[in-house]
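Q: Which chain is which? The protein sequence lines are A and B, in order. Offset between the first sequence (1-based) and our numbering: plus 18. Offset between the second sequence (1-based) and our numbering: plus 18.
A hint or two may mislead.
Said to hold, decoys possible - Straight-line distance between alpha carbons at most 30 Å, and here's what the computed DSSO-like set of lysine-lysine pairs gives:
(1) A:K264 - B:K105
(2) B:K105 - A:K105
(3) B:K264 - A:K105
(4) B:K264 - B:K105
(5) A:K183 - A:K105
(6) A:K264 - B:K264
Quick caveat, the hints were computed from the structure, so don't treat them as lab data.
Number of protein chains: 2
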Amino acid sequence: MAAEQRAGAPAYQRIAATYRDQIRSGELTPGDRLPTEADIAARFGVVRQTVRNGLGVLITDGLIVARRPHGYFVRDREHMVYRPQQKSRPRPATPAMDRFSQQIVDEGRTPSQLIQVSLIQAGPDLAQRLGLDPGDAIVARRRVRLINGEPTNLNDSHFPLDLVKDSEIMSPAYLPRGTDQVLAELGHPQHHAIDEIFVRMPNPEEIHRLSLGPGTPVAVHYDTGYTADGRPVQCAVNVLPGDRHKIVFERHWPTTVTA
Amino acid sequence: MAAEQRAGAPAYQRIAATYRDQIRSGELTPGDRLPTEADIAARFGVVRQTVRNGLGVLITDGLIVARRPHGYFVRDREHMVYRPQQKSRPRPATPAMDRFSQQIVDEGRTPSQLIQVSLIQAGPDLAQRLGLDPGDAIVARRRVRLINGEPTNLNDSHFPLDLVKDSEIMSPAYLPRGTDQVLAELGHPQHHAIDEIFVRMPNPEEIHRLSLGPGTPVAVHYDTGYTADGRPVQCAVNVLPGDRHKIVFERHWPTTVTA
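All chains should be modelled from the sequences, with the hints used to inform the complete structure.
A: Structure representation (structure tokens):
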């Protein structure tokens with residue numbers, strides 16, 4: 019629907035619709051500056067507060083950002099490609115970096131991580147996935163992953179305490195070979211995994227850990243890994259801000275369908 | 019952080035935090051009614067408008083709904099399990115229902131679909147995925163899928179015009195055997211696919227087609243299907259409201275990692 023056809027709508031909605039259409043069509047692209055509040059006010063014949071209300075809708079929807087005093091800009095959506103399947107592919111025997119770090123370095127950017135290890139009680143979500151009772155002790159290895167110093171996503175891995183106690187997983191140090199390899203060395207190699215993806219608004223803790231702006235929903239990716247005999251040995255909760263990630267899977271038809 | 023520790027925060031924030039904590043901990047579960055505005059006002063020693071502001075935060079975040087005159091309720095999150103991998107698994111030779119309908123019937127619910135077919139010009143997103151130039155003609159088979167009469171998700175499939183013209187895909191009729199099978203019969207069996215998942219707030223058209231409430235982000239799942247020689251033959255854009263879906267993949271380690 020062209021903005022002109024919305025003549026009956028309130029002015030702030032017409033303003034929002036006009037620039038939403040321009041962003042959608044590609045007329046305005048990420049990083050572009052919108053016209054000034056004064057220019058938009060003159061074009062629509064309204065006061066500046068009406069312009070601010072209209073652009074406020076687009077800020078809430080995560081389409082533009084206000085960078086005072088420079089103006090309003092189309093939000094930059096540089097999506098990190100997030101591939102859960104990479105996790106279960108073979109790696110070199112002695113990796114120098116974990117998968118996240120390697121990918122970011124390959125992109126010419128600088129990865130870093132904040133790691134915190136704690137002993138916690140499993141809530142209902144984790145207890146169910148790890149085959150434990152709520153309240154059972156689990157090890158939480160919580161990480162904020164950063165690219166060029168900016169928080170990018172959360173990767174909080176959880177393990178039944180009896181599987182990993184006294185291991186390197188309990189230390190808040192960087193593990194270049196990854197916790198999956200450590201689990202395998204402890205006698206718990208993973209054989210298959212279930213990926214579950216939920217979409218919701220972030221909670222206050224996630225907003226804080228990731229410095230999220232308004233209108234930024236997140237994907238919550240639960241990765242539960244099982245040994246060959248079906249025992250769950252780890253459950254990672256990855257929180258991926260929607261403006262910074264696309265999640266990619268590859269899929270093959272087992273047999274070609276024909277007529 | 020317990021609500022009591024937030025004593026320095028404004029009252030409306032403390033109210034939001036209190037009920038957010040109760041929902042998160044499971045003390046309040048989906049469908050539960052919150053205390054009345056009057057009860058909350060008395061508990062926090064504030065006026066009712068402050069209570070409304072506090073609960074408004076939770077409505078915007080999609081955690082509760084207001085059902086006047088009955089009160090505020092914890093949002094019911096009955097997640098439809100959405101499995102992209104099912105699409106590329108063998109089916110009976112003469113299916114009576116498409117996969118979506120079969121799944122919903124198996125759950126004891128009633129599926130329906132609104133189907134609309136049109137000839138459109140490919141925008142940049144679809145042109146890139148279908149290997150066409152922007153503006154090239156494509157066939158759009160747009161569907162709203164409903165469960166028990168409620169809009170649940172969007173499934174808009176797109177095909178290069180030259181592949182499907184004069185076929186059943188051009189008719190806005192229900193195709194129990196599915197468009198993948200029709201494509202195969204036309205000589206374009208799919209061999210592999212790329213699943214891309216983006217997370218964002220819905221646009222006004224999506225809000226309208228899906229009757230979305232406030233604070234409901236969506237997953238946008240692009241499923242691009244290729245023939246064995248790498249030609250893209252269809253691209254479906256599935257819009258999945260976050261409050262109604264979880265996306266599930268299963269994954270196997272190709273070789274077991276050991277020490």
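Q: All hints, please: hold or fail.
A: Status of the hints after comparison with the structure:
| no. | hint | result |
| --- | --- | --- |
| 1 | A:K264 - B:K105 | holds (21 Å) |
| 2 | B:K105 - A:K105 | holds (23 Å) |
| 3 | B:K264 - A:K105 | holds (21 Å) |
| 4 | B:K264 - B:K105 | holds (16 Å) |
| 5 | A:K183 - A:K105 | holds (23 Å) |
| 6 | A:K264 - B:K264 | holds (16 Å) |
When held up to the earlier numbered hints, the structure conflicts with none and fits them all.
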